[in-house]
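Visitor: Chains as they are written, first to last, in my numbering: chain P, 58 to 155; chain X, 34 to 130; chain B, 821 to 1017.
I should point out that these hints are in silico values taken from the structure, not numbers from a laboratory.
Certain hints may be false.
Calculated pairs, DSS-like style, for lysine-lysine (alpha carbon to alpha carbon, straight line, at most 27 angstroms) [stated by the list, open to error]: (1) K941(B) - K95(P); (2) K145(P) - K847(B); (3) K847(B) - K95(P); (4) K95(P) - K145(P).
The following residues of chain B were derived to be distant from chain P, with all beta-carbon distances above 10 angstroms [unchecked claim]: (5) A915; (6) A966; (7) M986.
None of the values given here were measured: they were computed from a predicted structure.
Just so it is clear, CB atoms sit at the ideal spot from N, CA and C, and this is done for glycine as well.
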Amino acid sequence: MGGLPAGSVERTEHDYADWERRVDALMVLLSGVFGGRKLMTVDELRKNIEALGPEAYDAMSYYERWVTAITQTMLQRGVITTEELARKMREVGERGAG
Amino acid sequence: MALAEALFQPGERVRVMKIDPLGHVRTPYYIRGASGVIERLCGRFANPEELAQMRDGLPPRPLYRVRFLQREVWPDYRGGRDDTVDVEIFQHWLESA
Amino acid sequence: MSDLGKYAPLTYFQLMEVSLRELLVEKGVLSERQIADTVDDMRARGPERGARVVARAWSDAAYKRRLLADGSAACEELGLDVPALRLVVVENTPAVHNVIVCTLCSCYPRMLLGLPPDWYKSRNYRSRVVREPRVVLAEFGTVIPAAVAIRVHDSTADMRYMVLPMRPAGTEGWEEERLAALVTRDSMIGVALPTAP
């Protein structure tokens, strides 16, 4: 990305939402920074972010890209399955709507 | 196991290969094909290209901090003549210049 | 973890976060306690930690040498834990001004300084600061004289960089705490200078 034409730097800073901080925490924990079981590397995470493609920068926020990449990594590693994720997302979605 | 040999010394002039392989790569596009000087050997590290593919990236391989003159990287650079950019690049991306 | 007074439907990605977290907890990979503790831990890391390091380096020449030789060890010397951080501190001098970027993603010495600001992670900063650092710094209100070389560090590997700014004039004899108050996060990234006394 270095050197590509781009606009002026918007010095935005937002206070991170709770869910964003939890995504950050998942990254820290799953990559073994605090010494726990290392279930992924930052390299896999970065590869999965790159795999989202350039449109992802417009379509998704920073932590939306991260949560997607972490989830992809967990699927690739076999920690979770797509079926489990689908079932859980439906369950959580219904719970939230209730 | 013997340490992977460090081919380049600080002060040596090197060029970054201008290649575009698939996979996860940590050599930025903007610096490929550019020539600079070895500032230091940073150490030996597991290969991130392999780590990204869920392999262990071993044995660790030499990583260098390479210093480039900005006016040699960007044809239209209008900053200072001595402005530089330092990039950390793995040995397998470098060749003698 | 929700604020019952402000219920809003979850976005797709928030739904993913909740689902991923609950699955990991159910499988015994992580606990809710660990996740909450890690959130708190990261909250407690902020630029004031880096400011302490800078203030000590300004006050103690031998410490400064140790800091430049091994940034992480020097942090730990002050009781600042920096797990998994390989910190390299680069010194501003009258001849060289340093600026840090990660053009490939958003690498930042988070374990010392906390979460990076949005702009540091933005496409615009990452694209332009490596190509036209003086223009970008000017947008931050920082003008580096032509006689001073700008050195951009692109953190492409495992090292994380922090700038050791020059000590402002007029601070002779100041205690470390007073010095630390002059050190801003942006001066440790290199897009700004420390506050003048």
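Visitor: Could you work out which earlier hints the structure fails to respect and list their numbers in ascending sequence?
Guide: Those not satisfied: there are none.
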